[in-house]
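Full structure from sequences and hints, please.
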Amino acid sequence: MDIGELLAFKPEQTPKRPHEDDDDFALPEPASDIGKRGGGIDEKSKRMRRIADAKETANYRKSHDSNATGAGSANGSAFEFDPELTEEERLNILKYVESEEAEGDVLDEQGLKKLILVFEKRNLKNQEMRIKFSDNPEKFMDSELDLHTVIQELKAVATVPDLYPLLVELHGLHSLLELLAHQNTDIAVAVVDLLQEVTDVDILGESNEGAESLIDALRKEQICALLVQNLERLNEQVKEEADGVHNTLAIVENLTEIDGEFVREAAIQGLLAWILKRLKGKSPFDPNKLYCSEILSILIQTENDNRLLLGTLDGVDVLLQQLAVYKRHDPASNEEQEYMSNLFNCMCSALMARENRDRFLNGEGLQLMNLMLREKKMSRNGSLKVLDHAMAGQDGRENCNKFVEILGLRTIFPLFMKTPKRNKQRLLSVDEHEEHVCSVIASMLRNCKGTQRQRMLTKFTENDHEKVDRLLELHLKYLAKVEAIDREIDQQPKDAGIDEDEEAENNYIKRLTGGLFTLQRIDYILLEVSATTETVKQRVLQILNLRSASMKTIRSIMREYAGNLGDGDTDWREQEQTHILSLVDRF
Numbered sequence: 187m188d189i190g191e192l193l194a195f196k197p198e199q200t201p202k203r204p205h206e207d208d209d210d211f212a213l214p215e216p217a218s219d220i221g222k223r224g225g226g227i228d229e230k231s232k233r234m235r236r237i238a239d240a241k242e243t244a245n246y247r248k249s250h251d252s253n254a255t256g257a258g259s260a261n262g263s264a265f266e267f268d269p270e271l272t273e274e275e276r277l278n279i280l281k282y283v284e285s286e287e288a289e290g291d292v293l294d295e296q297g298l299k300k301l302i303l304v305f306e307k308r309n310l311k312n313q314e315m316r317i318k319f320s321d322n323p324e325k326f327m328d329s330e331l332d333l334h335t336v337i338q339e340l341k342a343v344a345t346v347p348d349l350y351p352l353l354v355e356l357h358g359l360h361s362l363l364e365l366l367a368h369q370n371t372d373i374a375v376a377v378v379d380l381l382q383e384v385t386d387v388d389i390l391g392e393s394n395e396g397a398e399s400l401i402d403a404l405r406k407e408q409i410c411a412l413l414v415q416n417l418e419r420l421n422e423q424v425k426e427e428a429d430g431v432h433n434t435l436a437i438v439e440n441l442t443e444i445d446g447e448f449v450r451e452a453a454i455q456g457l458l459a460w461i462l463k464r465l466k467g468k469s470p471f472d473p474n475k476l477y478c479s480e481i482l483s484i485l486i487q488t489e490n491d492n493r494l495l496l497g498t499l500d501g502v503d504v505l506l507q508q509l510a511v512y513k514r515h516d517p518a519s520n521e522e523q524e525y526m527s528n529l530f531n532c533m534c535s536a537l538m539a540r541e542n543r544d545r546f547l548n549g550e551g552l553q554l555m556n557l558m559l560r561e562k563k564m565s566r567n568g569s570l571k572v573l574d575h576a577m578a579g580q581d582g583r584e585n586c587n588k589f590v591e592i593l594g595l596r597t598i599f600p601l602f603m604k605t606p607k608r609n610k611q612r613l614l615s616v617d618e619h620e621e622h623v624c625s626v627i628a629s630m631l632r633n634c635k636g637t638q639r640q641r642m643l644t645k646f647t648e649n650d651h652e653k654v655d656r657l658l659e660l661h662l663k664y665l666a667k668v669e670a671i672d673r674e675i676d677q678q679p680k681d682a683g684i685d686e687d688e689e690a691e692n693n694y695i696k697r698l699t700g701g702l703f704t705l706q707r708i709d710y711i712l713l714e715v716s717a718t719t720e721t722v723k724q725r726v727l728q729i730l731n732l733r734s735a736s737m738k739t740i741r742s743i744m745r746e747y748a749g750n751l752g753d754g755d756t757d758w759r760e761q762e763q764t765h766i767l768s769l770v771d772r773f
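To get my numbering, take the position in the sequence shown, counting from 1, and add 186.
Just so you know, the hints here were simulated from the structure itself, not pulled from any lab data.
Treat the hints with care, as some may be off.
Calculated pairs, EDC-like style, for lysine to aspartate or glutamate (alpha carbon to alpha carbon, straight line, at most 20 Å) [stated by the list, open to error]:
no., residue 1, residue 2
1, LYS604, GLU648
2, LYS311, ASP321
3, LYS341, ASP294
4, LYS468, ASP503
5, LYS563, GLU618
6, LYS425, ASP472
7, LYS299, GLU364
8, LYS667, ASP617
9, LYS341, GLU295
10, LYS475, GLU418
11, LYS723, ASP771
12, LYS604, ASP650
13, LYS645, GLU720
14, LYS311, ASP332
15, LYS607, ASP617
16, LYS299, ASP348
17, LYS475, GLU426
18, LYS468, ASP516
19, LYS341, ASP388
20, LYS341, ASP386
21, LYS299, ASP332
22, LYS311, GLU339
23, LYS406, GLU443
24, LYS475, ASP429
25, LYS588, ASP544
Taking CB as the label site, the calculated pair distances span [what the hints assert, rightly or not]:
no., residue 1, residue 2, range
26, HIS765, LYS667, 19 to 29 Å
27, ASP685, GLU339, 49 to 59 Å
28, LEU767, GLU395, 52 to 62 Å
Note that CB positions come from ideal geometry on N, CA and C, so glycine has one too.
Quick look at the structure:
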């Protein structure tokens, strides 16, 4: 019996193998056309299954002999046939198996050259057939199938990033990128799928030279612009093309993670505009919409030029329109909840640009956020974060005054007096909620003028100074948190690898995240209201004495705060420091 006959041999009553029913071990079903995503015949899977069959058959005799004495008739009933292999036949099969495995495992330089040559030939033939039989698709369909198959085979290069420089040198990458404009979207989607695997962050991390070569080549080819042009024509009603959109976004995510310069390049080359258009569409929520919100967040999180570009593309209005859906309705799933959260984060990032705060104000963003706070839906927590960003700093002055005008004090102070309990549907923790509420109130006290400021101050004297009592309750709570962090810092061993300045900065950041940031906002409010209303100051002193607390602590915290203001506008920082220190002196 030769090897071919043995491999083709199918016994009638072979028992099932342990994993025969597992999906992981099943061969893929052949596809009827190239558009069926992931449905093509996987030659490697077939080969590996054939190898496994051959191995088991070859080892059968060996295991059968060793089990015969101990298992007796029990094993005899498990196997109803005996292939009666000779030792020579068994060795021949194992030799065949080893050569097959070696051939199927790793793509080498010579193999890639052959593969690219086949790819270029099939690509050229497809172009010729399309020109020659432009009115008769049946004539060029076979060449298209061949082209699609070789693109799938090129995925093997994604397992060997050291070959990327050769892929670039042989112009294989250039030819692949040209196919993103192929008339048949199945071909373009196959190329996108390949690029997504080739740019995988883990794969690129295996070869610095390969990653550098690939990234440089993709940048020269303006990869983001090519991807956006392809996105424009994909129809997401077709599953394969919807997958193509998802993989395109994955490519962008990979590139931005490897090289931050792509964040700016992707936005300029049209991706930001496409994402806003995609979000604005009236299509129902789907995974691609979620992915778009994630990529948008990446694009504007750190790049101010992208925030400005978003503003000029009416992106603030687009975000407000999408968020308005959740004013009275909660997201229907965890994924949609994540989508809503991403939109709020995008709005917060956008508001870090002064120009976008004006657009937010004119687009009635304050009114929407105020309504969300009143509705008590999931969106309430996100709207609180957005208000915090919209009102912070000197650029938040107009928004602060407008919020008082639209009766926002009636909304924010009940949240200040009683923090909602956290549950599965409330995304913010108690500490996060209190941080944002106190930041909003502190910003309004700093930025509001005239009657708006007076209305703010009046809130702290009404109902027998209940809001002052709440302020001091929060002060003591967060002071205890900070003191606990300070003790922890005092007890930690010193790291000889960092200098004193770096250590001091690290400790300050640790204290900020541990409660100092919120404590600074609380004490700032205390200073502002105490400086303008004598009865408030007396109430503060009374409660501090009752709780054995000290005014010196508040002064110390605020002096530290004044000394650590951010790196923003120099004039603003100096003005703010002077204002805070004058409040401390008057306290």
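Structure-based check of each hint:
no.	hint	verdict
1	LYS604 - GLU648	holds, 16 Å
2	LYS311 - ASP321	holds, 17 Å
3	LYS341 - ASP294	holds, 13 Å
4	LYS468 - ASP503	holds, 15 Å
5	LYS563 - GLU618	holds, 17 Å
6	LYS425 - ASP472	holds, 12 Å
7	LYS299 - GLU364	holds, 19 Å
8	LYS667 - ASP617	holds, 11 Å
9	LYS341 - GLU295	holds, 14 Å
10	LYS475 - GLU418	holds, 15 Å
11	LYS723 - ASP771	holds, 13 Å
12	LYS604 - ASP650	holds, 17 Å
13	LYS645 - GLU720	holds, 14 Å
14	LYS311 - ASP332	holds, 10 Å
15	LYS607 - ASP617	holds, 11 Å
16	LYS299 - ASP348	holds, 14 Å
17	LYS475 - GLU426	holds, 16 Å
18	LYS468 - ASP516	holds, 18 Å
19	LYS341 - ASP388	holds, 15 Å
20	LYS341 - ASP386	holds, 12 Å
21	LYS299 - ASP332	holds, 18 Å
22	LYS311 - GLU339	holds, 18 Å
23	LYS406 - GLU443	holds, 18 Å
24	LYS475 - ASP429	holds, 12 Å
25	LYS588 - ASP544	holds, 12 Å
26	HIS765 - LYS667: 19 to 29 Å	holds, 26 Å
27	ASP685 - GLU339: 49 to 59 Å	holds, 55 Å
28	LEU767 - GLU395: 52 to 62 Å	holds, 56 Å
Comparing the model with each numbered hint stated earlier shows that all of them hold.
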